[in-house]
Amino acid sequence: MGKTLFVSCGATVPFPRLIEIVVSEPFLVELTNLQYSRIILQYGKGYTAAFQTLLDSLGSSKIEVREEKHPSTTIQDSVFVTDSSILHRSLNVNDVAVEVIGIEFLSNIQDIITNYTDLIISHSGTGSILDALRLHKPLIAVVNDSLMDNHQLQIAQKFEALNYLWSCSSPNLPDLIDRLQRSTAETKATFPNTYNTDFQNLLLDLANK
Amino acid sequence: MILEYISAAILISVSLFIIKLIFILPFFKIDSNDTTTKDSGIIDGIKIRNGKNIEVFIFLGSGGHTGEMIRILQNYKNILLDGSNVMHVGYSDMDSYNRFKAMMKEYKCKVNYYEFVKARKVGAGIVSSICSITKTLLMSLRIIFQIRISMLNKPHLVLLNGPGTCCIIALYFKLIEWLSLVTDSPNIVYVESLARIDTLSLSGKILYWLADEFLVQWKELKEKNAPRAKFFGILV
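These protein sequences, in sequence, are chains A and B.
Quick note: the first sequence uses full-length UniProt numbering, first residue 1, plus one each step.
Quick note: the second sequence uses full-length UniProt numbering, first residue 1, plus one each step.
Treat the hints as calculated values from the structure; they're not laboratory data.
Ideal Cβ placement from N, Cα and C applies to all residues, glycine included.
Please note that a few of the clues may not be correct.
[Said to hold, decoys possible] DEER-style ranges, computed between Cβ atoms:
| hint | chain 1 | residue 1 | chain 2 | residue 2 | range |
| --- | --- | --- | --- | --- | --- |
| 1 | A | Thr190 | B | Val14 | 54 to 64 Å |
| 2 | A | Ser146 | B | Leu175 | 33 to 43 Å |
| 3 | B | Phe232 | A | Ser146 | 30 to 40 Å |
| 4 | A | Thr190 | B | Tyr113 | 32 to 42 Å |
Generate the whole structure from the sequences, applying the supplied hints.
Spelled out as C-alpha cells, the structure:
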C-alpha cells in the first residue's frame, strides 16, 4: 500500500490553480515515483462541476482511467464525513494504481489527516497550516497569490523560516515538484504545543479582577 | 445663585466622568508588573482564582477569525469552557455559528447565543442605510447591556479577535463602564490574528485603545507597532 497525499484549499475560497497542478500528468507521475497511491482533495465550495470536468479530461498516454475501483487501494466512502458528494476516480499512472478522491468540504478533516495522510499540500491560510502542524504532518503550504490583501505569503515565509514547512509563493508545477521531492528527503522541526501558562494566568487574573 | 450651584454641580460631574474615563482607558494605565495577585488563590476574599463560574463573552467573526477563536477556547478550555461557566456567544455569520455549535457538543457549559445583524445591505439607499445602521447599533447596545448586567459582580471575560463588529462591542462595554456608577471593569481581551506578523489589523488598531489586555502572536508586531501589547508566543 502506497502513501496518501491530502490536498486542502480551505473551506471558503476554492483554489483552482492548485488543484489543476496536483491532478496534472507530470505531478501524478512524480507522485507515483515517490510511492504515493492515493490523493484526497478538499477542493472548497463551488468547485464540484469544475473538478468533475478535470477528472473527465484525465486520460492520456501515461494515464489510464479505470472503470472499477482498485480493490487494493480503495478507501470506504463512509470514512469521510461530509454533506457534499464524493468524487472518486481510479487511475493507472505509468501502470501504477492511483486513487483520486475529491470532496467539496470535509467535516472530519482532522480525523482524515491523522489516520490516512502522509503529506499535506494546502493553501497558506493560518487555519489549514495550524491543522497540519498541530497533527505533526509534513506540510507544503502554497500561497494563493490571486487573493487581494492577504497575508498568506508572509505567514508561509515566516513558518518556513521557523523550519516548520515547505512553502511555494505561487501555485506552479516546478516549485511544487521540487517541494514534493524535498518533503521525502528532509524532515522539519516539530511544531510546539501552543498552550501557554502565562496567557492562562492572565485570563484568570483578569476574570477575577 | 441657583444657577451657580447648578453650573458647579455640572462642572464637578463632568470632571468626575473625565477622571473616570482616564482611569478606564488602557493607555493611561501604569503597568505595575506586580505579582501580589498571582497564585494567592483568593482575591478580595470572595472570588476564587480558578476557571470555574466565569461568564465569558466571545464574538465569532467569520472564517479565520472563528477558527482562531475556537482554537483559543479549546487550548484554554480549563478556564474558558469549564462546565460551570456561562458562555455568551455573539455571531453574525451562520457558518461560524454552526461550527461553534458543533464544537460545543463536547462541553457542558451553558451557552447563550446573540445574533448581531450586519449593518448595511448591499445596494441599499442612503436613508434606508442610515435607518438600518441605527437599528443595528441600538440592537447591539441592548444585547451588550443585557450581557453586562448578567456579568455584574461575577468573574467575567470578554474575548475578542476581530473583525469590525468587535470594535463596536468593545466600545459599548467601555461606554457602559464609563457611564455606570458601579466600578467593575469589562475585562476585554483582544488577541490579534496569527496572520498579522508586523502590522495591526484595522480592528487591532482601534482595540489597541480600548481593550484591557491586548495580545499579539508575533514578537515583531509588538516591537514595531504595538509596544503596549503582551506577547506570549502563538496562542491558537
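Outcome of the hint check:
Range check, threonine 190(A) to valine 14(B): Cβ separation about 58 Å, and the 54 to 64 Å hint holds. Checked against the given bound of 33 to 43 Å, the beta carbons of serine 146(A) and leucine 175(B), roughly 41 Å apart, stay inside it. At roughly 34 Å, the beta-carbon separation of phenylalanine 232(B) and serine 146(A) lies within the given 30 to 40 Å, and the hint holds. Range check, threonine 190(A) to tyrosine 113(B): Cβ separation about 38 Å, and the 32 to 42 Å hint holds.
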